[in-house]
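Chemist: The primary structure of each chain is shown beneath.
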Amino acid sequence: MAKKSLTDLVRESSLSFTGTVTHVEAATMADVPVDKRTVVVRVDAVLHGPPTLRNLVGSQVTVQLAPRGKTLAVGDTAALFTEPTVFGDTLAVREIGRMTADSMAARSMSAAATGTMALADLADQAAADDLVAHARAAAGVVVGRVASLAKADESRIVEHDPDWWVAVIEVSHVALGKLRRGDLKVLYANSQDVRWRAHPKPRAGQEAAWILHAADAKISRAARFVLADASDVQPVQFIDAIGGGA
Amino acid sequence: MATIHVVNMIPRSLSGEHTQDSEPNIAVNPENTNEIVGTAFTPSPTGGTFAPIFVSSDGGMTWSLRNVVPGNGTFGTGDITVGFSTTGGFLYAGTLNGSTGNLNILRTSSFTSTTPMTLLVNRASEDQPWVVAGTVVVSGTARDRVFVGNNNFNQPSGQTATVDVSQNARTAAAPAGFAARRIERRTTSGQDGPPIRIALHTDGTVYAAYHRWVTASGNDLTVDIVMTRDDNWGSGTSPFSALVDSGDTLIGQRVATGRFVRWNANMGQERLGGDLCVAVDPGNSANVWVAWCDRVGGTTGTDWTIHVRHSADRGQTWSADVRTVTNAKNPSLAINSAGVLAFLFQQFTGTRWVTQLETTSNAFASAAAVMVLHTAPSTMPARQFFPYLGDYVRVVAVGRDFYGVFSGSNTPDAANFPSSVVYQRNADWVTRTLLDVDNTTVVDASIDPFFFHWTDDPIVIGPISRIPIGRTPVVSPTPIIGRTPINRTPIISPEPIVRTPIISPEPIVPPISREPIVGPGPAVIPRAPRGGRAGRALSAAEIDSVAKQAVKKGRTRGKNLDL
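These protein sequence lines map, in sequence, to chains A and B. Under this note's numbering, the first residue of the first sequence is numbered 32, with each subsequent residue one higher. Under this note's numbering, the first residue of the second sequence is numbered 1024, with each subsequent residue one higher.
It is worth saying that the hints were derived from the structure and are not from the lab. Even for Gly, the Cβ is constructed at its ideal location relative to N, Cα and C. Keep in mind that the hints are not guaranteed to be accurate.
Said to hold, decoys possible - Pairwise CB distance ranges (calculated):
| hint | chain 1 | residue 1 | chain 2 | residue 2 | range |
| --- | --- | --- | --- | --- | --- |
| 1 | B | Ser1148 | A | Asp161 | 24 to 32 Å |
| 2 | A | Ala229 | B | Asn1242 | 38 to 46 Å |
| 3 | A | Lys249 | B | Thr1347 | 53 to 61 Å |
| 4 | A | Ala229 | B | Asp1336 | 31 to 39 Å |
| 5 | B | Ala1196 | A | Thr102 | 31 to 39 Å |
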């Protein structure tokens, strides 16, 4: 297995943990295939992962070791970077990469003292990097305050109607993109439907950094730009992260 | 006597989840009813690009999730329904991709696989795919006939009610023979309603029902309920044209006309607007049933009323309402091989949502048998998005049995489950709180999907007590270090649990004990043969023996561990 940096391993996996192998060629669930590279690991500490999985300590999970690389024996410990494949009575995960458990000792000790996950900072940084990349790929990023909100037009009656509205943003600073200060119309989906609920819903008077995307031709008559992603509204300080400060 | 078994579908490893898993759907493998797939607005627990399906290999007793559906949005897909082929175990799904919103039609040959499903159709401007599948043998080769009802805004003249049909979807490359067939032939207000529902009979009869939106004024709609039919698997150049209306002589028999719908009206925390279902009698394709919702009170009314009707002449003439339910939604119908009709719905009492299953053998001529599956306060948990419970539920029949899903509050309160329930996720039934995998951290209540299995053919296959069980822990034979006690679900029913007959030709792993388990220790069940399934579970003595040997050798090999 090619050696990867800790940062890369965190970025490429959604769950990492230190653990101790308790069984080899075994699984914790009946319908999980078992081969020579299937082991059962007791989770000693969760290093990073979604909130739903952060309390796994003490659980036994099935790990399908990567096709190449050293196998593990009963009693071995490791820091495993994984992608879960089956969420059942227990978890089954696929190994993305591995480090020694000892290499996590200092981080784990520090995390235990603060009640955090040892690699949460790296996961947060990866997410922040993704957000910056998302912003840099956008049509523009501006800082401004919402001056008004108005319904864009009569929507089609469908369950997943976005319910387009237009926010007029008084742009005070252009961080990225060929835009000007002054009023700027931006579309947003005001719907509470499952398809649109997570999209930004600007509030009158709200000041933020707005990540703008070119509106689809079907809706661009109302405005050239649209808030198309849940992350398209950020604190104004976000522009420092993208190097777009005043 | 009929019995029912209700299971919360969230697995124990996801005890910490608290998303709104609404709008459930279900598919049961007719060849092996232990194999069941469920869906809901459930996002991938770890993010990423694939949304999950719920999988059960033991008749719905236990469930796990696999991220195999392309398009994982904040809440999973934008819509998803599923169907199994009659033979071969092929699973089909229709989704609104959670990233793009496009209609996706998907296929997998292995419902337990962790490999993403194959994309067969990808089309924009769509709504509410509804999947039904069957299999026929042609020249010795099994061919999957797959039907996906959808509201297709690409159709001309606002005639949007559509069924995508493939006559041989099993193995072909995308689009696997799928073609969009418009089933609306009349003028509309500019579109039809979201639900296009399908019922398939083994003789090749296919019914497809839809809401024809006749007029629209703002959110106030005038709607016809229209039934179409095809007598040869939806094949030919003009499928779904076998039923001609006895009034206007156009294709599609109108079951009801001029019905009032106020789109996006609310009931409790839920939205309203499009409820429809259809079912055909497996014993006689002439017998077909339909149910829908409308506002009987019209513009000044406040109700949302389910109407149930049936036809005995292949959809040409229809009964008056044989059953109505006021202030209810999500009707779903199925008919079993004994001619019993199951009617599933969710009713709003003003303060509670009540999910009810009714069964009748005489078209409601006498009082139906009623089972309340779930009842919970309508104000909790708070809505995360629309739909709160879902725009549909589903009940299906395989043989004499009914299998279904619904979504509702997951608060672990025994009073909410009059027909009993089994939870996989951790819960404290005394304090009525959900607990995370550590069995300590309290988890907020949310909407969960629930599976149920109805049978009148009881065969007890497992010694599962349904009497209240004390919380005395059962200690596993080998130690698990660091494991905190697990409070398994209370088992509330006063009657013994009856399991369904198992049809699988292969060995089946016996159901996992529902009794509370307190670590330490994995129970050991044998490793599956290479390339095959897991075998039987070992007895306690065997487990003990294996564990001792393992300890002696300092290792264990070739085991599946049931923790």
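Chemist: Could you check the structure against the hints above and give me the numbers of any it violates, in ascending order?
Modeler: Violated hints (numbers, rising): 2, 3, 4; every other hint is consistent with the structure.
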